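The task is simple: from the sequences and hints, build the whole structure.
If you're matching positions, the sequence shown starts at 1 in full-length UniProt numbering and goes up one per residue.
Honestly, the hints are just simulated from the structure, not real lab data.
Every value quoted in this text rests on a predicted model; they were computed, and no experiment measured them.
Please note that a few of the clues may not be correct.
[What the hints assert, rightly or not] DEER-style ranges, computed between Cβ atoms:
no., residue 1, residue 2, range
1, Gln-302, Arg-399, 29 to 39 Å
2, Ser-361, Pro-170, 50 to 60 Å
3, Leu-208, Gly-385, 25 to 35 Å
4, Glu-46, Ser-219, 25 to 35 Å
5, Ser-361, Trp-152, 26 to 36 Å
By construction, the Cβ of each residue, glycine as well, lies at the ideal position given by its N, Cα and C atoms.
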Amino acid sequence: MAAQKNIKKIVLAYSGGLDTSVILTWLKETYGCEVVAFTADVGQKEELTGLEEKGIKTGASKVYIEDLRLEFARDFIYPAIQGNAIYEMRYLLGTSLARPLIAKAMVEVGKKEGADAFAHGATGKGNDQVRFELAFKSLAPEKEIIAPWRTWSFGGRADLIEYAKSKGIPVPVTASKPYSMDRNLMHISYEGGILEDPYREPNEDMFLLTVSPEKAPDSPEYVELDFVEGNCVAVNGKKMDPYQVVDTLNTIGGKHGIGRVDIVENRLVGIKSRGVYETPGGTILFHAHRDLESITIDRDTQHHKDKLSAEFAELIYNGHWFSSRMAAVRAFISETQRFVTGTVKVKLYKGNCIIVGRKSSVSLYNPEMATFEKEELYNQKDAEGFINLYGLPAKEAARLRKK
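Have a look at this one:
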């Protein structure tokens, strides 16, 4: 390829798994250039152990491992929670949110290293290729993008396993356990392999963050979340930063089997894909935040925001984090959060996240207006004139049709 001659240094999004381990070696062989491996610590925990050593042994000239956990929680997870972002009514977008952050950090490393290109391990059938590449195009449009899965001769992961063995590359995936896994602070996702049969129930030993509801405690646990302007700032009265909040709620929620989702979703590229997710902390935050909005945002604004939330989720899912349209949507969402301040009480019990109370110093809920008892602020007789005017179009249409 002619383009190979112009590429002297590549920054690779590196996880140390099967795909990116093979890609690192393949890039060096194919392009004959230096490869810098980049890993973002977005909450993978033990998956990062020994990664730098492995990257160097596999052929990387340098291995960057950057702690982005707080930035991930503060600048990506929290805005998604503020916007009530949920794709196709069930997926809380854990993987989708991490990709633009990783790409942003890769661009910064690329500038520092004077790299000519960025590479990633996303397949040509998935959504991540779009998320990575739209971010690269938005932040570093002058750089080349290399997507090995779209150009090399390997037919699938079985071929990669054989290649890895021939090159002496240690990989954690075997032919007997072929499903893939992506972990970060927000969630763990599982797909592929044995999960490609949408009627097959996942094996219980697959799950890492949550216990099954059957094995969860027989007594419920109550959790109080304090919010300021749409952001959770304390759990059970203890002040925490965004990373600590999500990490703490992952532990609490996981103990009660919160946040398991098994769905067949519509990928951007047009394929239906079965995905299994564990999102314990994100699930608690999502439900608590939306409930607090019910007493702190007026009806019309809330209804419009609910409609916009679906669009917001699609923008995230489809990789448009750095687009101007996303900036406009986020500006609206941010404005709605000015008074989303208060406390929500949640009951966790055997896979269920149940809101049992909410309060706010700026609540729009007025018990004197809502009561069914005798009161003076609301005259029920006034409703008759309102209904007559509100129902006038329906009444007039019905009258005319009868003629």
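Do the hints match the structure? See the list:
1. Roughly 35 Å separates the CB atoms of Gln-302 and Arg-399, a value that falls within the hinted 29 to 39 Å.
2. Taking 50 to 60 Å as the suggested C-beta distance range, the pair Ser-361 and Pro-170 conforms, at roughly 56 Å.
3. For the hinted restraint 25 to 35 Å between Leu-208 and Gly-385, the CB-CB distance of approximately 60 Å leaves it violated.
4. Remark: the range hint 25 to 35 Å for Glu-46 to Ser-219 is upheld by a beta-carbon distance near 30 Å.
5. Between Ser-361 and Trp-152 the beta carbon distance is about 59 Å. The supplied range of 26 to 36 Å is therefore violated.
When the structure is compared with the earlier hints, violations turn up for hints 3 and 5 and for no others.
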